[in-house]
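K.L.:
Start from the sequences and build out the full structure, keeping to the hints where you can.
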Amino acid sequence: MEILTATIAWLTTAARWQGPDGIPTRMLEHLEIAIPSVLAAALVALPVGAWIGHTGRYAAVAINVANLGRAIPSYAVLAIILPISLRFSPDLGLSVIPTFTAMWLLAIPPILIGTFAGIRAVDRDLVEAARGLGLTEVQILSEVELPLALPVVAGGLRTAAVQVIATATLGAVVAYGGLGRYIIDGIARNEDDRLMAGVVLVAGMAITAELAFALLQRALVPRGLRRVAVHAEPT
Amino acid sequence: MLADQPLLDLGWIGAHAGDIALRTLQHLGLGAMALAVGFAVAFALAMMAAGRPRLLAPLITGAGVVYTIPSLALFAALVPFTGLSLLTAEIPLVLYTQLVLIRGISAGFAAAPPEVLEAADGLGYTRRQRFLAVELPIAIPLIVAAVRLASVSTIGLVMVVTLIGNNFGGLGLYIKEGIASFFPTKVYVGAALSVSLALASDFALARLERRLAPWAESHRDVQPGASAALAGLDPIGA
Numbered sequence: 470m471e472i473l474t475a476t477i478a479w480l481t482t483a484a485r486w487q488g489p490d491g492i493p494t495r496m497l498e499h500l501e502i503a504i505p506s507v508l509a510a511a512l513v514a515l516p517v518g519a520w521i522g523h524t525g526r527y528a529a530v531a532i533n534v535a536n537l538g539r540a541i542p543s544y545a546v547l548a549i550i551l552p553i554s555l556r557f558s559p560d561l562g563l564s565v566i567p568t569f570t571a572m573w574l575l576a577i578p579p580i581l582i583g584t585f586a587g588i589r590a591v592d593r594d595l596v597e598a599a600r601g602l603g604l605t606e607v608q609i610l611s612e613v614e615l616p617l618a619l620p621v622v623a624g625g626l627r628t629a630a631v632q633v634i635a636t637a638t639l640g641a642v643v644a645y646g647g648l649g650r651y652i653i654d655g656i657a658r659n660e661d662d663r664l665m666a667g668v669v670l671v672a673g674m675a676i677t678a679e680l681a682f683a684l685l686q687r688a689l690v691p692r693g694l695r696r697v698a699v700h701a702e703p704t
Numbered sequence: 039m040l041a042d043q044p045l046l047d048l049g050w051i052g053a054h055a056g057d058i059a060l061r062t063l064q065h066l067g068l069g070a071m072a073l074a075v076g077f078a079v080a081f082a083l084a085m086m087a088a089g090r091p092r093l094l095a096p097l098i099t100g101a102g103v104v105y106t107i108p109s110l111a112l113f114a115a116l117v118p119f120t121g122l123s124l125l126t127a128e129i130p131l132v133l134y135t136q137l138v139l140i141r142g143i144s145a146g147f148a149a150a151p152p153e154v155l156e157a158a159d160g161l162g163y164t165r166r167q168r169f170l171a172v173e174l175p176i177a178i179p180l181i182v183a184a185v186r187l188a189s190v191s192t193i194g195l196v197m198v199v200t201l202i203g204n205n206f207g208g209l210g211l212y213i214k215e216g217i218a219s220f221f222p223t224k225v226y227v228g229a230a231l232s233v234s235l236a237l238a239s240d241f242a243l244a245r246l247e248r249r250l251a252p253w254a255e256s257h258r259d260v261q262p263g264a265s266a267a268l269a270g271l272d273p274i275g276a
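Going line by line, the protein sequences match chains A and B.
When the letters of the first sequence are read in order and numbered with the numbering used here, they come out as residues 470 to 704.
When the letters of the second sequence are read in order and numbered with the numbering used here, they come out as residues 39 to 276.
Simulated from the structure, these hints should not be mistaken for lab results.
Among the hints, erroneous ones may be present.
[Stated by the list, open to error] If you want a taste of the chain B side facing chain A, the calculated C-beta under 8 Å gives, among others: (1) Ile-107; (2) Leu-110; (3) Gly-194; (4) Asp-240.
[As the list claims (entries may be wrong)] To be clear about the criterion: a stretch of chain A counts as covered by chain B if any three or more of its residues have a C-beta under 8 Å from a C-beta of chain B, and this derived list gives those stretches: (5) 534 to 544; (6) 547 to 555; (7) 633 to 640; (8) 649 to 661; (9) 665 to 675.
Computed from a prediction, not measured in an experiment: that's the story for all the values here.
The C-beta atom is built at its ideal place from N, Cα and C for all residues, glycine as well.
P.N.:
In structure tokens form, the structure reads like this:
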């Protein structure tokens, strides 16, 4: 396993951990695009998902649009936006705008569908009971539906975040930094150690995010609802 | 410069229709092969794990871990071992189908209510007859739903294969060339055809489902929920 030792050697060289092409810089770049794009997606998808889940109106339209979005690969989104964004800004248009937009679009469907499904899954009798008690629609949503839907909503956010962290790798194709840089450069320069180091770092970050979100998801859900959380997880 | 080019050069499309058709077929071929192999593997695994939660849970966890690995990373990781062979393209594509397919197929197998199974047993069905005549038809809507998700994601993932090497062909190559040579038309042709392929395969499979399980039409209502239950199953890095 020559490649394995070469990769370990590459990763453990002190110089790899400093400077503009160093591992900490690339990790930071990776998160700098991933975190804002997921937050921006949540800003759109959470209210829309909650609203269609609560009212049941336009649900089919929203779900179909979200599903359609999934048919468009992020690599294609990057490439589609690139020629247009370059006209607006030769600087940001090359890297940040296409990467951010592609990641934002990628994060919307899981958050939207998770929020919608979580709220739809709330027992309608509970909602009727809350209405009977005189709660306003906003109160029903915020005090009954959302707390009960939280495990599924958090699941959607988790999927979105892990996907974005994994897919932000493609930003390197349009000259953005991030951990994908090592893979793209490794292929271009025919350096297998650099390529494999990139693979290890990206996969490690995605799996770490998945685990961190799983823990966060558990912590977020009130104890009384944990059994519901298990129940809501598809088998 | 990319910014100076017209966004769509129709003359180029007309002059390269044959090449475009060829790459579309390559794309479809790479995806269909992965889906066929992936389905066979997942079906066998799901059958083995049917009624054995202790076997199913680690299978799904394993497939889930694979799913978390970014596609570009998984394709790239194979290059030092399998070079630029077909295996380098197909192994990750097949692996990525497993989570959706194993989950969907096992959920399908588990969908038959116990009283229906008992009724079949009471009618004297053998284990095999019961599987073919009762359990499988009941499982079809969930199986097809999983195959639809897998087909859309696989067609998207085939795009990424191009970043590893040019020899696989496919529509991703237009995107790569379009970016490299500052020619937006190629980018749009590749992207539009890939999305069309994904939607067409989704549509074709939906039609197939209607033919295989016409009674499932009444489940339309459930569809958003069903697709939501599978929502955690998007491709990583497509």
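K.L.:
Which hint numbers does the structure go against, in order from smallest to largest?
P.N.:
Structure breaks no hint.
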